[in-house]
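Chemist: Chains as they are written, first to last, in the UniProt record's numbering: chain A, 1 to 256; chain B, 1 to 256; chain C, 1 to 256.
Read the hints as simulated data drawn from the structure, not as lab findings.
Predicted, not measured: the structure shown is a model, and the values here were computed from it.
There could be a bad hint or two in this list.
Claimed, not checked - Only pairs whose alpha carbons sit at most 25 Å apart, straight line, appear in this in silico SDA-like list of lysine to any residue:
1. A:Lys124 to B:Thr208
2. C:Lys203 to B:Ile115
3. B:Lys143 to A:Gly166
4. B:Lys143 to C:Leu184
5. A:Lys79 to A:Thr49
6. C:Lys203 to C:Arg129
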Amino acid sequence: MIISTIASHSSLQILLGAKDEGFRTRLYVKPERRAFYASTRLTDELVVTEDMSAILKDDGIVIPHGSFVAYLGLERIEKAKARFFGNKRFLKWETTFELQDKALDEAGIPRVRVIEPDEVEPEKLYFVRIEGPRGGSGHFIAKGSELEERLAGLSEPPRIEEFIPGVYLYVHFFHSPILGRLELLGVDERVVIADGNARWPVKPLPYTIAGNVGVALRESLLPRLYDYGLAFVGSYEKARTARNHRPLRSPLCLRR
Amino acid sequence: MIISTIASHSSLQILLGAKDEGFRTRLYVKPERRAFYASTRLTDELVVTEDMSAILKDDGIVIPHGSFVAYLGLERIEKAKARFFGNKRFLKWETTFELQDKALDEAGIPRVRVIEPDEVEPEKLYFVRIEGPRGGSGHFIAKGSELEERLAGLSEPPRIEEFIPGVYLYVHFFHSPILGRLELLGVDERVVIADGNARWPVKPLPYTIAGNVGVALRESLLPRLYDYGLAFVGSYEKARTARNHRPLRSPLCLRR
Amino acid sequence: MIISTIASHSSLQILLGAKDEGFRTRLYVKPERRAFYASTRLTDELVVTEDMSAILKDDGIVIPHGSFVAYLGLERIEKAKARFFGNKRFLKWETTFELQDKALDEAGIPRVRVIEPDEVEPEKLYFVRIEGPRGGSGHFIAKGSELEERLAGLSEPPRIEEFIPGVYLYVHFFHSPILGRLELLGVDERVVIADGNARWPVKPLPYTIAGNVGVALRESLLPRLYDYGLAFVGSYEKARTARNHRPLRSPLCLRR
Numbered sequence: 001m002i003i004s005t006i007a008s009h010s011s012l013q014i015l016l017g018a019k020d021e022g023f024r025t026r027l028y029v030k031p032e033r034r035a036f037y038a039s040t041r042l043t044d045e046l047v048v049t050e051d052m053s054a055i056l057k058d059d060g061i062v063i064p065h066g067s068f069v070a071y072l073g074l075e076r077i078e079k080a081k082a083r084f085f086g087n088k089r090f091l092k093w094e095t096t097f098e099l100q101d102k103a104l105d106e107a108g109i110p111r112v113r114v115i116e117p118d119e120v121e122p123e124k125l126y127f128v129r130i131e132g133p134r135g136g137s138g139h140f141i142a143k144g145s146e147l148e149e150r151l152a153g154l155s156e157p158p159r160i161e162e163f164i165p166g167v168y169l170y171v172h173f174f175h176s177p178i179l180g181r182l183e184l185l186g187v188d189e190r191v192v193i194a195d196g197n198a199r200w201p202v203k204p205l206p207y208t209i210a211g212n213v214g215v216a217l218r219e220s221l222l223p224r225l226y227d228y229g230l231a232f233v234g235s236y237e238k239a240r241t242a243r244n245h246r247p248l249r250s251p252l253c254l255r256r
Numbered sequence: 001m002i003i004s005t006i007a008s009h010s011s012l013q014i015l016l017g018a019k020d021e022g023f024r025t026r027l028y029v030k031p032e033r034r035a036f037y038a039s040t041r042l043t044d045e046l047v048v049t050e051d052m053s054a055i056l057k058d059d060g061i062v063i064p065h066g067s068f069v070a071y072l073g074l075e076r077i078e079k080a081k082a083r084f085f086g087n088k089r090f091l092k093w094e095t096t097f098e099l100q101d102k103a104l105d106e107a108g109i110p111r112v113r114v115i116e117p118d119e120v121e122p123e124k125l126y127f128v129r130i131e132g133p134r135g136g137s138g139h140f141i142a143k144g145s146e147l148e149e150r151l152a153g154l155s156e157p158p159r160i161e162e163f164i165p166g167v168y169l170y171v172h173f174f175h176s177p178i179l180g181r182l183e184l185l186g187v188d189e190r191v192v193i194a195d196g197n198a199r200w201p202v203k204p205l206p207y208t209i210a211g212n213v214g215v216a217l218r219e220s221l222l223p224r225l226y227d228y229g230l231a232f233v234g235s236y237e238k239a240r241t242a243r244n245h246r247p248l249r250s251p252l253c254l255r256r
Numbered sequence: 001m002i003i004s005t006i007a008s009h010s011s012l013q014i015l016l017g018a019k020d021e022g023f024r025t026r027l028y029v030k031p032e033r034r035a036f037y038a039s040t041r042l043t044d045e046l047v048v049t050e051d052m053s054a055i056l057k058d059d060g061i062v063i064p065h066g067s068f069v070a071y072l073g074l075e076r077i078e079k080a081k082a083r084f085f086g087n088k089r090f091l092k093w094e095t096t097f098e099l100q101d102k103a104l105d106e107a108g109i110p111r112v113r114v115i116e117p118d119e120v121e122p123e124k125l126y127f128v129r130i131e132g133p134r135g136g137s138g139h140f141i142a143k144g145s146e147l148e149e150r151l152a153g154l155s156e157p158p159r160i161e162e163f164i165p166g167v168y169l170y171v172h173f174f175h176s177p178i179l180g181r182l183e184l185l186g187v188d189e190r191v192v193i194a195d196g197n198a199r200w201p202v203k204p205l206p207y208t209i210a211g212n213v214g215v216a217l218r219e220s221l222l223p224r225l226y227d228y229g230l231a232f233v234g235s236y237e238k239a240r241t242a243r244n245h246r247p248l249r250s251p252l253c254l255r256r
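Construct all of the structure, not just a fragment, from the sequences and the given hints.
Modeler: Below, the structure written as structure tokens:
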């Protein structure tokens with residue numbers, strides 16, 4: 001049996017876990033990534049190709065992640081003959097702010113408030129985000145009074161959020177229907193270019209992601225974030241039972 | 001034999017270490033923490049209760065930590081019949097700034113200077129801390145000229161310290177009287193809400209702790225911090241011998 | 001067989017790796033470092049001495065690192081009879097900005113631009129660095145208009161660089177001529193005193209290094225940084241073959 005996926009940040013975790021559990025692995029990579037992956041112990045087989053759709057006919061167990069939608073489109077994934085691990089229909093929930101908000105709201109997990117243009121106050125700060133898997137590039141903070149000008153230059157639809165200052169953490173879970181258990185696997189903080197201002201504020205910098213750092217969460221936050229995970233899985237299970245879909249058997253990450 | 005403690009940040013380390021060494025573990029938790037702890041491999045027995053004083057009659061080896069005092073009070077701990085690991089009298093040194101300062105002074109370890117109200121200079125910065133295990137919430141930085149107003153609103157006695165900018169590290173040790181050895185276990189940096197200003201300074205934010213990140217300390221600092229650990233243990237051993245108390249056999253953390 | 005080196009940040013990694021692989025280890029340390037190293041499992045033999053040149057007659061396998069040049073000087077290292085692992089002539093490339101720039105340029109790896117005094121613009125920011133293994137102390141950011149005054153007080157020759165704000169990452173590699181492979185081992189971010197400004201900017205603080213934090217690099221950056229490593233090794237191999245030197249068999253770190 002072989003585990004197959006497409007090279008991306010998630011694939012690093014999928015491949016490492018698969019090797020640790022004794023599986024063979026196959027990775028679909030673009031030519032410029034070949035040298036790096038060939039130097040690691042992560043993959044048994046490298047499929048070097050510009051066209052990621054080759055994975056749709058893979059004969060292994062395909063593990064999808066967020067980048068599948070960007071590379072292949074939802075429709076081709078849902079029609080694919082290859083054997084996917086987990087629920088392919090879950091992928092679309094990653095693709096739009098609207099579906100993400102809906103998932104959090106249905107689970108009763110608090111989320112950042114979305115601001116309509118006519119609610120903007122000149123002196124308040126807002127966080128503007130651009131939809132899609134862009135690794136944070138394009139996001140920015142701006143005062144209400146600057147918003148109109150900043151938004152005018154954008155080619156993609158932005159979303160205006162209230163700006164909540166503080167530390168942003170990314171909580172990873174794994175839900176196992178076999179063990180009947182949700183596990184909190186870890187917590188990350190992102191390293192973004194704008195962190196360059198930590199040493200001395202120079203000018204607003206891009207929020208483009210450079211990496212992640214593991215955080216040992218404060219104990220009193222663990223039960224609270226774990227309960228959010230339970231609420232999310234509970235809400236999902238209710239919805240998927242109603243639609244006769246498969247149970248959630250996969251890692252998941254709750255994040256801002 | 002079973003290792004027993006109360007859920008808190010320290011308990012995560014106590015339980016993980018106990019399981020790694022093959023002990024059975026028992027944890028006293030409030031009901032809202034049950035779901036999280038039940039999902040981990042940290043505990044063999046969960047005692048779910050609102051009243052932590054049940055641990056005072058525990059039949060295992062009780063490992064105390066800073067939260068014991070907050071939950072149970074010093075007097076009940078010192079009178080408890082349960083078998084405590086380590087020196088119960090050591091706990092009170094965690095509870096007040098005065099005793100913490102005294103311990104550092106007796107060991108000759110440099111510490112931040114405490115400022116008396118009549119020493120405050122208007123243009124200088126000060127760090128104000130509130131006593132007790134509050135996870136950093138309530139602490140703030142202020143200019144001397146703002147201090148009077150900021151202090152007026154406080155319900156608990158604050159402490160004014162000189163503000164020393166820089167990176168604050170937390171050094172963990174373990175002292176073993178059996179091996180006759182002090183070990184430096186690791187170094188942490190805290191993640192606090194105010195770190196949200198790293199990307200762009202917005203306004204002063206709370207110093208409430210969100211988590212910790214492990215740091216690989218610069219080598220030249222290791223011997224210096226290790227010597228502080230030795231000085232602390234030496235000073236403690238001198239004091240406890242004079243009072244005929246037990247030796248220090250426990251982890252300890254030196255921190256600002 | 002015994003692995004010998006001089007205490008320094010690199011030695012922590014050398015010793016830990018050597019012990020993990022089952023080697024005996026010998027460390028040359030100054031008296032003030034003895035207590036710390038004696039408490040660890042890193043060393044089988046400690047040579048406590050003020051004079052590090054004793055290592056030049058060591059009968060083990062000596063693993064050199066950047067601090068060797070500061071302690072012993074290049075000439076004595078190159079003439080030493082002891083058996084060094086790797087290419088002793090490689091050490092001098094660590095000692096001057098000029099050679100570092102040359103190495104990067106020959107490999108075609110982009111680097112920060114060095115600014116000549118007559119190119120300085122008053123409103124731009126510059127990063128001034130002082131040569132040698134100083135752990136970042138003495139480096140500073142300044143506006144062009146402040147540069148003349150700031151540089152006047154320096155006793156050592158500075159280097160003026162364009163200031164590039166953002167996150168600075170340190171990428172570790174190992175090149176094995178036996179396996180014919182370059183491995184990307186990990187990525188670090190430095191913790192410097194100036195990071196104290198993350199919570200609230202107070203005043204420019206020193207860039208003195210306090211430690212490192214491991215970073216899980218964003219996947220899209222991995223192939224790019226790996227290719228820089230390949231380019232560096234390729235350029236080195238070309239140069240050393242022309243001079244009939246030994247192949248590069250050692251860890252290396254590319255950093256700003």
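Chemist: If a hint holds in the structure, say so; if it doesn't, say that too.
Modeler: Status of each hint after checking the structure:
1. Between Lys124 (chain A) and Thr208 (chain B), the direct Cα distance comes to roughly 23 Å. Compliance with the 25 Å bound is thereby established for this hinted pair.
2. A threshold of 25 Å between alpha carbons decides the hint, and for Lys203 (chain C) with Ile115 (chain B) the separation of about 21 Å falls inside it, so the pair holds.
3. This hinted pair checks out: Lys143 (chain B) and Gly166 (chain A) have alpha carbons roughly 22 Å apart, not beyond 25 Å.
4. Among the hinted pairs, Lys143 (chain B) with Leu184 (chain C) is inconsistent with the structure: their alpha-carbon atoms are about 47 Å apart, more than 25 Å.
5. For the hint linking Lys79 (chain A) to Thr49 (chain A), the alpha-carbon distance of about 21 Å falls within 25 Å, and the restraint holds.
6. Taking the CA atoms of Lys203 (chain C) and Arg129 (chain C), the gap is near 19 Å; set against the 25 Å cutoff, the hint holds.
Hint compliance for this structure: hint 4 is the single one not met.
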